[in-house]
Amino acid sequence: MSSLSALPVVVPFLAGPLLVATGSFAPRWLEDGTAVLAAISVCALCVLLAVHAATEPFAYWLGGYRPHHGVAIGISLSIDPLGAGLGAFAALLVSAALVYSIHYFDAVKGLFHGLMLLFMAGMVGFCLTGDLFDLVVFFELMSAAAFALTAYRIEERAPLQGAINFAITNSIGGYGMFIGVALLYARTGALNMAQIGAALGGHQADPLVIVAMVLLIVGFLTKAAAVPLHFWLADAHAVAPVPVCVLFSGVMVELGIYAVARLYWVIFSGPMGASAPTLRAILITLGVVTALLGALMCAMQRHIKRLLAFSTISHVGMFICGLGLLSAKALAGIGVYLVGHGLTKGALFMCAGVLLHRFATIDEYDLHGRGRAVPVVGVLMAAGALLLTAAPGLTTYFGKSLLEAAASDGGYGWLIAVFIVVSAVTGGAVLRITGRVFLGWGPNEGPDPGQARAAAERVDETRGERDRTPILMVIVPAVLLVVAAVLGLVPDAVPAIERDAARFVDHGAYARWVLHGLPVAWAHVATSHEQPVDVLYSVLAVAGAVGTAALGLFGRPLREGLPARLTGASRSALHSLRRLHSGHIGDYIAWWTAGAATLGLVCLVGLR
Amino acid sequence: MSFLPYAAAAWLFLVGLWGVVSSTNLVRAVLSLTVVQSSTYLVLLGIGFRSGAKAPVVADIPQSSRLVDPVVQVLVLTDVVIEATVTALLLALVVQAHKRFGSLDPADLRILRD
Amino acid sequence: MTRRARLALFALAGPAFAAVLVIGLHGLPTFGDYHGVYGLLVNRIEPRLRHATDIVTALNFDIRAFDTLGEEFILFTSVSGVALLLRRLRVADEHAERSRGTEDHRFAGASAGVRMSSLLLIPLLIALGGYVVLHGALTPGGGFQGGVVMAAGPLAVLVAGRYLIMKHLAPEWLLEAADSAGAAGYVLMGVGGLIFTGVLLKNFLPLGTPGELLSAGMMPLNSIAVGLEVTGAFLLVWTEFLDQALITTGGEEG
Chain S
1 MSSLSALPVV
11 VPFLAGPLLV
21 ATGSFAPRWL
31 EDGTAVLAAI
41 SVCALCVLLA
51 VHAATEPFAY
61 WLGGYRPHHG
71 VAIGISLSID
81 PLGAGLGAFA
91 ALLVSAALVY
101 SIHYFDAVKG
111 LFHGLMLLFM
121 AGMVGFCLTG
131 DLFDLVVFFE
141 LMSAAAFALT
151 AYRIEERAPL
161 QGAINFAITN
171 SIGGYGMFIG
181 VALLYARTGA
191 LNMAQIGAAL
201 GGHQADPLVI
211 VAMVLLIVGF
221 LTKAAAVPLH
231 FWLADAHAVA
241 PVPVCVLFSG
251 VMVELGIYAV
261 ARLYWVIFSG
271 PMGASAPTLR
281 AILITLGVVT
291 ALLGALMCAM
301 QRHIKRLLAF
311 STISHVGMFI
321 CGLGLLSAKA
331 LAGIGVYLVG
341 HGLTKGALFM
351 CAGVLLHRFA
361 TIDEYDLHGR
371 GRAVPVVGVL
381 MAAGALLLTA
391 APGLTTYFGK
401 SLLEAAASDG
411 GYGWLIAVFI
421 VVSAVTGGAV
431 LRITGRVFLG
441 WGPNEGPDPG
451 QARAAAERVD
461 ETRGERDRTP
471 ILMVIVPAVL
481 LVVAAVLGLV
491 PDAVPAIERD
501 AARFVDHGAY
511 ARWVLHGLPV
521 AWAHVATSHE
531 QPVDVLYSVL
541 AVAGAVGTAA
551 LGLFGRPLRE
561 GLPARLTGAS
571 RSALHSLRRL
581 HSGHIGDYIA
591 WWTAGAATLG
601 LVCLVGLR
Chain L
1 MSFLPYAAAA
11 WLFLVGLWGV
21 VSSTNLVRAV
31 LSLTVVQSST
41 YLVLLGIGFR
51 SGAKAPVVAD
61 IPQSSRLVDP
71 VVQVLVLTDV
81 VIEATVTALL
91 LALVVQAHKR
101 FGSLDPADLR
111 ILRD
Chain G
1 MTRRARLALF
11 ALAGPAFAAV
21 LVIGLHGLPT
31 FGDYHGVYGL
41 LVNRIEPRLR
51 HATDIVTALN
61 FDIRAFDTLG
71 EEFILFTSVS
81 GVALLLRRLR
91 VADEHAERSR
101 GTEDHRFAGA
111 SAGVRMSSLL
121 LIPLLIALGG
131 YVVLHGALTP
141 GGGFQGGVVM
151 AAGPLAVLVA
161 GRYLIMKHLA
171 PEWLLEAADS
181 AGAAGYVLMG
191 VGGLIFTGVL
201 LKNFLPLGTP
211 GELLSAGMMP
221 LNSIAVGLEV
231 TGAFLLVWTE
241 FLDQALITTG
251 GEEG
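Chains as they are written, first to last, in my numbering: chain S, 1 to 608; chain L, 1 to 114; chain G, 1 to 254.
Just so you know, the hints here were simulated from the structure itself, not pulled from any lab data.
Warning: the hint list may mix true and false statements.
[Unchecked claim] The calculated EDC-like cross-link candidates involving lysine to aspartate or glutamate, where the alpha carbons are at most 16 Å apart (straight line), are: (1) L:K54 / G:D33; (2) L:K99 / S:E560; (3) L:K99 / S:E445; (4) G:K167 / G:D243.
[What the hints assert, rightly or not] Estimated spans, in silico, between C-beta atoms of each pair: (5) L:V27 / S:A360: 28 to 38 Å; (6) S:R556 / L:D108: 46 to 56 Å; (7) S:T278 / L:F49: 45 to 55 Å; (8) S:E56 / L:T24: 14 to 24 Å; (9) S:A276 / G:V37: 25 to 35 Å; (10) L:D108 / S:H68: 54 to 64 Å; (11) G:V37 / S:A521: 22 to 32 Å; (12) L:L4 / S:A44: 52 to 62 Å; (13) L:S2 / G:A11: 22 to 32 Å; (14) S:A276 / L:T24: 43 to 53 Å; (15) S:H529 / G:A8: 46 to 56 Å; (16) G:A8 / S:S572: 40 to 50 Å.
Glycine is no exception: its CB is placed at the ideal position from the N, C-alpha and C atoms.
Just chain S, same shape as in the assembly:
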């Protein structure tokens, strides 16, 4: 069984070049079929690995170089259920995106399928590896494929700008990571994560370790789009083709969170142990700023893909808050919520794709009322909005309740208010769109004529509006939403993730099973039970969402009734915030530097 460990990476590495080489002459159905088959088989392989690792996590040493006395010279794939599970999730979303794109693109070359498979290979390798430098290499593979896919629609101009901003920002994050890896290598003489963790374990963190941690976290949080490293994400989502956006928001961004979690608990939890409360405060501040700014920007968008992108940023802020709590329960909450959010966001992007495919525009006001032609999509979007607000019983609800429980356990009970605001605002924004597009509610002219109109996008250069929507393009998001709704109700699903999270955070155990291959006696984990107050929070969020949507749809007379000074001040503040997202790469990198420098200085001062 363990010899299958490398296959999830080998399969797309073989299928990718095949698809690229045959792209110009192979028939479309063959390309689609091969790509979907490859993606589904990778998903199945990862699920097998995850199930096998759930009883006993194991390390697969490539090239046959097993470690001796705790010193590793080979590269390991350290398979544990959360990592393999995330890899399976990535492959699942890739399969869904590929099935969706069967009808989304009228014509596509082999390069699209090949690039998607290579993107998947990068993501899966990233989740499975146990070597720090290998993590960076697969990160770069994932990024290179993402850059190329973002610029896929070269017949338009905007994708070029989006891809350039994306590529430059992420590359700089990557270069910082290289230096972080170099610092850790210099200190410990190791590249295997378990070995680095073991070597750093006994000593208090000194500036070198702190700076290495900052550089690595900044690099991964650039991918995860934390504020102020987030500017690239809305641009990239606005221009990338819809199947690619599904992957960006559904799993690529979340992989940054996974990497920070893995690095913290394997490498840095030892040296940072004494200063954990300060680190907690730092990460939670970062998370709250990201969550609130993302929510605010989300509510102000009229370009539907940009709106969904900012809602992703907001949810990432929630994930960072959860990370910052530095507890197993919070990690479990992130895990459950991540799956629910990924499926939901993927489905919402696919619904936006249906609108784009059908009406050749993705602007909320241009689409006013036109969605009546595709009412099913309206139902799906409303369901997606409910999932974003984490209504009771849904997978996102279970994840959020774990996060809320972890927050109150950790003494950060006020975070629950932040979570409720995020759910309410982002869910409300999607409800608002649903109301305006599918029911024709609200005015059909935007409030701010100066806001950049969404470029009239088209899916391909030969067709404008269409008069029918292929049924497959509606079935795939429907399936994703159904899974997102019921996954949390599967018996033992959420408790299993809680158990896996408790094992994930066990620093000593990781070194034991990776470096020494010894079985670990896992302590019994008490899994959480539902609290009635969780339902209250969830209902509050849903009510908030409905209220925000109503405000967005019908609130203009109210706004006009407010005193002029109040509206004037808030309008100019919001206007400045929006102006910061200027599309200029110089601005983005200046903010990146500011964010990295601030995090570095705060950590150096606070974490001695």
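Once you've looked at the hints, dock chains L and G against the given chain S.
Just chains L and G now, with coordinates in the frame of chain S:
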């Protein structure tokens, strides 16, 4: 004196970032990225150096001689390949941007903004 | 943000970031005196273990072969991206060009001396590149380095002023085939390890005598696969860019 390579690396990183922030020409911005990358080479290779040691090729020297660290060289090799290819991709984007927007100034790429 | 605001922000943030870097770098061991266990261990055991005399290549294609696999595919992905970006619009321009009749696009100033010496360079470069690729496990070099040198061979045709001849020598389909074959070849070598020894990327060929060409097991084969891929990839990238410059703008270069 022995801190010079690392100080130079920090300087290169800073100068490269400055290049990206202040460029009015996208080609210059992309090449500034190359400068940032070179700082990582300096740090890696500086770490692995051992004074008085030879290159890790034992074809014609006794196997027990003092050799520099080979691992950082492999890391730099990977690093160089990654950088070269991502730069190629970025420059292709820049070439297309020039064709479509008619300008290489980031300030003229004004479609995506809020 | 205005340009002044942007530069002002960076004037504060940049030096602060550089300071953070310097503080971190200060903790590094003294320059020239590194005792990392990974490197020391590999230096000592590798030659005996795999009969390779170039330890860097042994690390690249054997011990850390999985990293090289990922790196190869980064190259493949980026080149596919370049092809995606530059090819679709170029096709339209090329039809227009061909209707004007084929011309040799020569560099107006290429003297006879330049052309002679570049023609001499071509076999030298290809031979040198091939040598570096094949001897990867023995002397400094390997697939990546040798591949770039080999790619420079056909490029010398360009310097000699005959761009279209270069495109005949190295047509696109051949380069793409080389690129894909190299990438897939490396993976297949790894799968060979999986099939014959049960572990991916494990060296499964006989190790031979150190210092001979056919030694170190699968390392020369890996080297050749990578060399093939790098040559194809780099030539592909260069021809894509040159097509943009030379064909679509009318081709006269000064």
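How the hints compare with the structure:
no. : hint                        : result
1   : L:K54 / G:D33               : 13 Å, holds
2   : L:K99 / S:E560              : 45 Å, violated
3   : L:K99 / S:E445              : 34 Å, violated
4   : G:K167 / G:D243             : 10 Å, holds
5   : L:V27 / S:A360: 28 to 38 Å  : 34 Å, holds
6   : S:R556 / L:D108: 46 to 56 Å : 35 Å, violated
7   : S:T278 / L:F49: 45 to 55 Å  : 36 Å, violated
8   : S:E56 / L:T24: 14 to 24 Å   : 58 Å, violated
9   : S:A276 / G:V37: 25 to 35 Å  : 29 Å, holds
10  : L:D108 / S:H68: 54 to 64 Å  : 59 Å, holds
11  : G:V37 / S:A521: 22 to 32 Å  : 29 Å, holds
12  : L:L4 / S:A44: 52 to 62 Å    : 54 Å, holds
13  : L:S2 / G:A11: 22 to 32 Å    : 30 Å, holds
14  : S:A276 / L:T24: 43 to 53 Å  : 45 Å, holds
15  : S:H529 / G:A8: 46 to 56 Å   : 54 Å, holds
16  : G:A8 / S:S572: 40 to 50 Å   : 21 Å, violated
Figure legend: structure checked against the earlier numbered hints; hints not met, in rising order: 2, 3, 6, 7, 8 and 16.
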